[in-house]
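*Asks:* So you can see what is in the structure, the chains are spelled out below.
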Amino acid sequence: MTDEKPLIEIERRITGGDFQSAGDVSSELKRILQQIGFPAAFSRRVVIAAYEAEMNVVIHAFRGIFRAWIFPRHIHIEVDDEGPGIPDLELAFQEGYSTAPPHIREMGFGAGYGLSNMKKCSDRLEIDTRVGEGTKVVMDFFLKDS
Amino acid sequence: MAVKIRDLVEPLEATVLVAGDMEREVRGGYCGDLLSDCIAHAVEDSVWVTVQSHPNVIAVAILVGIPCVVVVNNYDVDKETLDRAQKEGITVLRTPLSAFEAVARLSALGIPGKKRREH
Chain H
11 MTDEKPLIEI ERRITGGDFQ SAGDVSSELK RILQQIGFPA AFSRRVVIAA
61 YEAEMNVVIH AFRGIFRAWI FPRHIHIEVD DEGPGIPDLE LAFQEGYSTA
111 PPHIREMGFG AGYGLSNMKK CSDRLEIDTR VGEGTKVVMD FFLKDS
Chain C
2 MAVKIRDLVE PLEATVLVAG DMEREVRGGY CGDLLSDCIA HAVEDSVWVT
52 VQSHPNVIAV AILVGIPCVV VVNNYDVDKE TLDRAQKEGI TVLRTPLSAF
102 EAVARLSALG IPGKKRREH
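Protein chains in written order, with the working numbering: chain H, 11 to 156; chain C, 2 to 120.
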């Protein structure tokens, strides 16, 4: 993170298993990014990654906290959960690999693209996970001149 | 080609479960049931053909910028899904057609399949 002051900071709780509210945090983030006027393609990749991180908490964890710091040309997101952790990160990054139970997959979640979507969409992704304790996902997005 | 949402209803033999902005135009189509795939590959202003009907479909539609969801095979749609769609102004259509047939009808209207480039 930089020493620069963010335009907006948000902090929201995410509840594991709450599929009714799932996606609300990412939707709110999308509205904020649109209001600030970030280019659509940039907002889109931030929101995809945020959605996947949010859904991971809903699908796999007990609870989590989603925090975002929005700077003029940089967005920093941290999603910290209490949950099962990820025993094999390398495997978890493989597209199509999922530990989501069948009833969740039937809803179209847990297809095994979460982490790879986050990796593709972010400019920096760091995952700190402890089995039986939880997972912290840290992502950065930089607005490039185009 | 851009087609108004209200002009999708008859060709799809659909019931309008939630009428959002029926004058809004769709410019492409996406078909699929995996939410991660939709969010990664669907393009905004598309019509989304799916068997999924739970409330998170609307969350994904909002994130992608999809104004119209078509639930195929006459699947039941949760009340929460309809409430959320109403609140967000997203049109929900239900059709007895299969996904394949629904896409064929949309294609016949001139709506192109659209896929988002890799990020």
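I should point out that these hints are in silico values taken from the structure, not numbers from a laboratory. For glycine and all other residues, C-beta sits at the position ideal for the given N, C-alpha and C. Be careful, since some hints might not be right.
[To be verified] Pulled a few chain C residues facing chain H out of the computed Cβ check, cut under 8 Å:
no.: 1; residue: LEU18
no.: 2; residue: LEU35
no.: 3; residue: LEU36
no.: 4; residue: ASP38
no.: 5; residue: ILE40
no.: 6; residue: HIS42
no.: 7; residue: HIS55
no.: 8; residue: ASN57
no.: 9; residue: VAL61
no.: 10; residue: LEU64
[What the hints assert, rightly or not] Restraint ranges, calculated between C-beta atoms of paired labels, are given here:
no.: 11; chain 1: H; residue 1: GLU14; chain 2: C; residue 2: VAL52; range: 43 to 53 Å
no.: 12; chain 1: H; residue 1: ARG115; chain 2: C; residue 2: ARG25; range: 25 to 35 Å
no.: 13; chain 1: C; residue 1: SER99; chain 2: H; residue 2: GLU14; range: 29 to 39 Å
no.: 14; chain 1: H; residue 1: GLN45; chain 2: C; residue 2: ARG25; range: 16 to 26 Å
no.: 15; chain 1: H; residue 1: ALA50; chain 2: C; residue 2: GLY90; range: 12 to 22 Å
no.: 16; chain 1: C; residue 1: GLU11; chain 2: H; residue 2: PRO111; range: 35 to 45 Å
*Asks:* Decide, hint by hint, whether the structure agrees.
*Replies:* Each hint, compared with the structure:
1. LEU18: Nearest chain H Cβ about 18 Å off; hint violated.
2. LEU35: Holds: closest Cβ of chain H sits about 4 Å from C/LEU35, inside 8 Å.
3. LEU36: holds (5 Å)
4. ASP38: Since the shortest Cβ distance to chain H is 7 Å, the answer is holds.
5. ILE40: With Cβ-Cβ at 5 Å, under 8 Å, it holds.
6. HIS42: Hint violated; C/HIS42 Cβ to chain H Cβ min 10 Å, cut 8 Å.
7. HIS55: With a closest approach of 6 Å, the C/HIS55 hint holds.
8. ASN57: For C/ASN57, the interface hint holds, since the closest Cβ of chain H sits about 5 Å away, which is under 8 Å.
9. VAL61: holds (7 Å)
10. LEU64: Since chain H brings a Cβ to about 5 Å from C/LEU64, closer than 8 Å, the hint holds.
11. H/GLU14 with C/VAL52: 43 to 53 Å: holds (46 Å)
12. H/ARG115 with C/ARG25: 25 to 35 Å: holds (32 Å)
13. C/SER99 with H/GLU14: 29 to 39 Å: 53 Å Cβ-Cβ, so the 29 to 39 Å window is violated.
14. H/GLN45 with C/ARG25: 16 to 26 Å: holds (21 Å)
15. H/ALA50 with C/GLY90: 12 to 22 Å: The hint (12 to 22 Å, Cβ to Cβ) holds, given that H/ALA50 and C/GLY90 are roughly 19 Å apart.
16. C/GLU11 with H/PRO111: 35 to 45 Å: holds (40 Å)
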